[in-house]
Each structure stands twice: as structure tokens, then as C-alpha cells.
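Q: Sequence:
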Amino acid sequence: MALQADVFNRCLQEAATAAKPALERCMDHAVAALQVAETQSMKVVERDELAQAWRELLRLRTGWCTQYPVDLLAAFNRPALVVAQGAAPAARAPALAGADMFSLVDDTEVEEGIESSRLLQQVLPVVEQVLAELDGLMSSAQGLVNVSPEFNPVRPEVYTQTLRALLASAPVAPAIQALWIKHLAEPLGRELKRVYERLINMLELAQVQAASYRVLQTPASTNKKTGRTAGRAAPGTGSGQPDGEGDEDMADGGPVGYVSDEPLARTPSQYADLSNYEVKDALFQDFLFRGGSNANHGLAPSYYATIEEELIALKASSDSAHAALQPQPHPGDDDTDDPDHGYHGTRSDPRRPTLPATDAWDEPKAWEEGPGGPSRIVDVLSQLSSQVWGVYGRARERALVRTQLKKDATRVGQVLGMEVVKKLVNQVAQDPRLLMPVREAIVALEPSLLRLAMVDPRFFSEESHPGRRLMERVAQRSFKYNDEHSPQFDIFFHSVTEAFNALNAQEIEDAQPFGAALTELQNLWDEQDQHEQSQRSHIRQAMQFAEERQAQADQIAFDMSLRADLEGVPGVVLDFLFGPWALVMAHARLTDTARQIDPQGYGSLVTDLLWSVKREATLKRPGKLITMIPGLLGKLHTGLASLGLDPRETEAFFSAVEKLHRPVLRLRRVRSQRDAAESDYAQLEVAPAETESPDFSDILPATPEQRKAKAAGQPWLGPQELDNAGFEDTLPSGPAELSATPDDEDSSAAPVDGEAPPASSGDDEKHKAEELLMGLREGSWVDLYSKRSWLRAQLIWASNRGTLFMFVSHGGQPHSMTKRSCIRLIKDRLLRPVETHGVVAHALDNLVRESAPVVAEGSAA
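The letter at position 850 of the sequence shown is residue 1178 when you use our numbering, and the numbering goes up by one with no holes.
Each hint should be verified, as a subset may be incorrect.
Unchecked claim - For lysine to aspartate or glutamate, the following EDC-like pairs were computed, each having C-alpha atoms within a straight-line distance of at most 20 Å:
{"id": "1", "residue 1": "LYS371", "residue 2": "ASP882"}
{"id": "2", "residue 1": "LYS521", "residue 2": "GLU377"}
{"id": "3", "residue 1": "LYS510", "residue 2": "GLU461"}
What the hints assert, rightly or not - Quick list of simulated restraints, FRET-style, between CB atoms:
{"id": "4", "residue 1": "LEU852", "residue 2": "ALA1169", "range": "47 to 53 Å"}
{"id": "5", "residue 1": "GLY929", "residue 2": "PRO975", "range": "20 to 26 Å"}
{"id": "6", "residue 1": "GLU855", "residue 2": "HIS1165", "range": "26 to 32 Å"}
{"id": "7", "residue 1": "GLN834", "residue 2": "VAL373", "range": "46 to 52 Å"}
Read the hints as simulated data drawn from the structure, not as lab findings.
Glycine residues also receive a C-beta, built at the ideal position from the N, C-alpha and C atoms.
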């Protein structure tokens, strides 16, 4: 025993020592990945975040790689001391499963817990095989008879939680920490696998024998039967086998055949007693977190006896008795007692205005209420519409399938896999982001998912598995709709019900039926979206063209500001050149197919225009100006017309140019009049306006500030472009500044002398609204109030500088807004982001928190 204790301590030291080079390699990998992502990003905000993330990693690399092994060794030794003293693991506080309990926990703790859980989920699939072997060896090295994964000090949870604590100590924004976790997870899994393989080698060289799970020898009677595949419950029968077959197997202690790694005719050499297991039992934890090293063990006779009792009682019960078990609906729900009422069993009052499904400002309330008010609870006990879901609309029929499959199970993994499916369905069905019919659809699909768990017990752990992808894709598609009573949603939901009902009627021997159903649905949705996608692409290209045109115009204006002939040029002329005319030149370059250096000669016109507005120069050569004016003005008007600029926006410029040209024109008229007078005896009268010198006091030379070209805050759009882009709530984005909003006027108020300006609630709201807006990414869904109705719209484009945003609602209707307009709508709660992160992943996160393994007191949080 002393020798094993010495080996155990050496393993802890080796695990901590190996953490330093492992973390160095992880951080090097993350830095390289972040740098690649930075070069590929098209958005300035994203590039800035990615650049800050890898630079901070490089800065913190040395300190973290030194501190990480120290923190790990401290975390390893805490649970080791408890085990050495023979103490049982301390009970853990109940997991916070409901949204109503989030208020009892600090928001930061919840976020850190979720991030740690996600990091752990990405690491576990890489190490689960070697970890199962290491758990047995480490348990034995600690003197434990049975495998206790929760007592393994070097389990992945300790590594990820210690690393998460290290990341949280950095003074950076949460978005930067999220980027670190995203790019550190993959290399961390690989490094942990190497460490675990090294520890296994050390323990095996020390001749440590692995501990085993609590198992019993299989009774001889179970060897009488050869295997067959797990039974399937036919719709409406509640049984998956011919009459009498299930009872015959039960008499022999349970069926023995199951498609697994072992041959079909081979009887399991060990079996586990699951007759009284709980969700937090070590067997369930080992299966959920690591895949279950005991998954291929058989099942004890006591388990089959318990299931047989449940099946007999269930067959004897009535639908009404089973329906009485489901949660009661909220007061005011219509016809909830009738499961065949309409599609969904619950209808909102048509007189009540429909609200968006997600409210980012009243999150706790929003998570309890869906569109139109409180929504009733949906879970595996719920009665659904038999008109829509057939026999599986009845909770009793689904329960019969579930119980019969449990009776047909031959391995521990099958039973635990079905338990996970049941709980996963419950979690998804209670996700308030989903419309009620979608939640019910997931519940109705439970029979097929249970049958899938019989042949692939851990399908839920693979993101790419067709069974999991089907649930996720249906949920994500449903985010396109925010009204379950709309004709568009009815078309979507009809296709889902057809696919799910077809799956429930099939034999499930592998994942192929789920893949086929997903492919069929996706093809149908792609066909429906074809016209809308084409329209989106056209609008998006137009906006991208406007952004590129503005970028080129800014560069052209900057180049013009460096010219040497700007001295004495009036400010109104430079404003025109740096603004509208730079856009004209950029537009000509982008639309020119001949790749000319100066398309249409708009660039060479600048030199003539600058000379023509200098009075001293033109008065010396009036003939040149008189000859130049017709062509100059004609080309100016032609260029502005090609841009589609409203003539009213350049009235001030042309008035100033006409006044600047007037002295030369007056000289010409005076000379003409003099020539006429000398050739005739009659004296011509000269109009007073022609003899007076024009007043140039309102046309001042450009100031040093005006001679500096400034980049536009947002892309310029012509009237037609504004209309096509759906700028309904904003002002035209011409050279004139947008008018100030009331918030801007309030914020400009001068503070009292000697006092700092008070931090108003309006400023806080504006800051929060801006943060929320900047958090949106292309593809994000929002609820937008437009024309007296709530629309579900998707962000399809945002300018690189984050000043213009384009959303598209159903039918391809565009809604474009400036940043200022978006912030105003967010503050008024007329634009609300919809949370659309992975539905299945979110449900698994909740399940992981509920089923988290107990840890020893004082272990790493």
C-alpha cells in the first residue's frame, strides 16, 4: 500500500510538471489560430478583438505557464487528502436548473460555470477512452475497491476549471476570454491525452491493477438465449415484439443480444444492478461525462423485474390517469383539457397584440413567457394533439414505447442512453426561445430518439450525428418565425410534422433515417428560400458596392487634399470636391470595365475647376475661363447625374461657382457692350447689376480644417439606393449631417461650473444599447417593430465601421438603419435580439449542471 501511495504521489507531481509545456503548446496554437482568424476577418471590430486576444496571450504566456502547474498541484492534493483519510465526498449544493433560480447566483459565477462546462465538453471526447482506463488505475492507487471517477485528482474537470480561473484573472473583456477558450480547447484535449497516456504507463510499470465497477456474475440462466436486435414498438401497440416474446425473455432474466463491440451470440460476462440507480449515481455520471467504461455490461435480473412491474402498471393505466400527471397550464389557457384542440392545444387570445418571443431587457420574465403571454409547460408527460401526432400525441403511448425499450435493453449503455434522451427532450421542450409547436414536436419525436439510443446510446454527444443535427436544425429554422399562427410558420411546421411522424413509424437500426429526414427537410427549405436568397444577395451586393465606393472616395479625397494648388480655394469648393465629386470619381472607377486610369476624365476636371474659382488667375485670362465654362459645367452635371445625387444637395456649390465666375462674365458683357457702342451712334444703357462688383464676403477661402479630407462616417447612398435598401426609419445619408436625436441634445447640455457631469440613466441605457448592437453578427436574428407589427428579421450585412446595418424579414423585405437609429430603437425596445445559440448544446449544458459529479470539500471550483 505504501508503494502504491508513492506511485500515486509521483503521478500527481508528473501531471503538474507536464502541465507547463502542455500549456505553452496550447497557447502557441491559440495565438497562431487567432492570427489566422484576424487576417480572414472582414470586420474591423472583429479584427481588433482577435488582435487583442493573441497579443494578450503572448503577454501573459510566461506568467501563466509558470503559475498553472502550481495551481494544478494544489487542486490535485485537496481531494487526495480527503480520500486518504477515508472521507466520503462532500455533498454538493443542488444544481441550478431553472431560470427562476439564476437570480440567487452571481451572474459572473453562472457565466464562468457555463464557460468551464463548454470547455470541458470540448475536451472530454478527445480523452474519454484513455480517461476510463486512468480512472480505474488511479482509484486502485488510492486504495479504492471500485472505480470512483470523482476521486481521480487529475480528471479533466480539474484541468479545465483551473485554466478557467487563470483566464478569468486577466483584466480583459469577456469576449476576449471567450476567444481564448474557443481556441485553447482543441489543443488542451490533445495535450491532456498525452499526459494521461504517460500516467497510465507509470502506473502499469508500477504493477498497479485497475479497480472495477460494482458488478456481479451473470446467472447461468441468461446463457440460454441467443441475441436479437432490440424490439421496436409499433404505433398504438405499446410493444415492440410479437406476443409472448417479451415475457419469455423476462422469465430467463432478460434478453441478451445487442449490437455492440461484442459478438451477437456472446453473453456479457458482467452485469450491473440498475434497479435503483439515480441520475447522480456514479454509473450515470461516468456515462454522461466520459462515455461509460461500463456501458457494455449486462443488466441484473432485479432491473428487469422492476421494469416489468412498471410495464404492467402502465398497460393497466388509462390515458386520463397519465394525463393527470402533467403540469397544469397557466390560468387563461384555452382548451388545454382537449389534446386535439387545434395544432398546439393552446391558443393566444387573438385580441391580444403578439409580442416577440425573446425580450433581452426582461430576461427572467421572457424565459417564462412566450409570444402573447405565459406559455404552458411542455415535457414528456404532456398530452399533444392526436390530429397532428397520431397515437404518439398521447403521453401514455410514448411511455409504453419508453418502458418496452427499457425491457428490451441488454446493456447498461442502452438504459443510460435512453435516460439521457428523456431528459434531453425535457430540456429542449422547456426552452422558452422556441415556439410552443416546436417544443411539442421535439416531445413527439421522443419514440424515434429512444429507438436510436438503443443502437447508438451516445449519439447526443456528437454534434455531427444526424439525430442531434435534426433536432438542432429544426430548432434553428424555427427562429425564422415569431408567430405560430402565421401562414409561413404553418408551411414550415407541416413539413416538420410529416418528417417526424415518418420517423416514428420506422424501424431504427442506425442513424440513416434521421440523415435522410434532415436532407429532405433541408432541400425543401432551400427550395423555399431560393428566391429570398437571390434577393438578399442582390441587396447585399448593392450595400457592399456602396461601402467600397465610399472607401475609394475617402482615399480620393485624401489624395486631393495633398495637392499643391489648393491655396486660396474657397471652402465650399473643397467640400464639394472631397464629398460628392470624390464619390463621382469612385463610382466611375468601380463601374468602368475598360480599366482606365481616369474614367470619363472626372479626375482631370479637378485641375480646371480649382483654377476657375481663383479670381486673380481668371481675371488675367478671362478668355480661357469663358471657353472652359460650358464644358466644365456640363461634365460636372453629367458626373453628378451618374451618381444619382439629388441636385438640391449641390445648389450651394453651383451658386458659389456662378458668383466666382461672374467677374469674368461681366467683363465679357461690358466689352461686348463697348464694342457695340463704338460701332453705332446709339448709347446703350448698362444695367446697375452689371456695373457693380459682386459681393464675395460669403465665399471664404478654405480654413486649414476644411483642407483636411475626413473619412465619411457611413457609406453614401443615393435616393434610389436608400429606397431599395429599406431605409424607412432613417434620414438620407447625403453630405449633410443627420439631425441630432433628443438623446444627443440632452447629452450636449453643459455641466454646472466646478462639477463633473452627472452620469444619467439615459447615458447608461445608450451604452448598453450600443454594446448589445455591437454584439450582433451577420446571421443574428432580431425582433423588429415595423409598421405596427413585430417582424422576425435577420442581420445580413453591417458596414466595416459598424455605422450601417441591414436586416431582412420574411419575404426578403430589407430594413436598413444607421447605428444611431438602431440604438434609438433598442432603447425604445423596438429592436430586440433573439438568443439563438445551440438549442441542443444549451439543453446538454443544463443536463450537465444537473448531473455534475459530486466533488470533495475544498476541491477546485
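Q: Determine for every hint whether it applies to the structure shown.
A: Structure-based check of all given hints:
Among the hinted pairs, LYS371 with ASP882 is consistent with the structure: their alpha-carbon atoms are about 18 Å apart, no more than 20 Å. For the hint pairing LYS521 with GLU377, the CA-to-CA distance comes to about 30 Å; that exceeds 20 Å, so the pair is violated. A C-alpha spacing of about 28 Å is found between LYS510 and GLU461, which places the hinted pair above 20 Å, so the restraint is violated. Taken as a hint, the range 47 to 53 Å is violated for the pair LEU852 and ALA1169, whose Cβ atoms sit roughly 25 Å apart.
Distance hint check for GLY929 and PRO975: the Cβ-Cβ separation is about 21 Å, which falls inside the suggested range of 20 to 26 Å. At roughly 27 Å, the beta-carbon separation of GLU855 and HIS1165 lies within the given 26 to 32 Å, and the hint holds. As the Cβ distance of GLN834 to VAL373 is approximately 47 Å, the hint placing it in 46 to 52 Å holds.
Checked against the numbered hints given earlier, this structure breaks hints 2, 3, 4; the rest are met.
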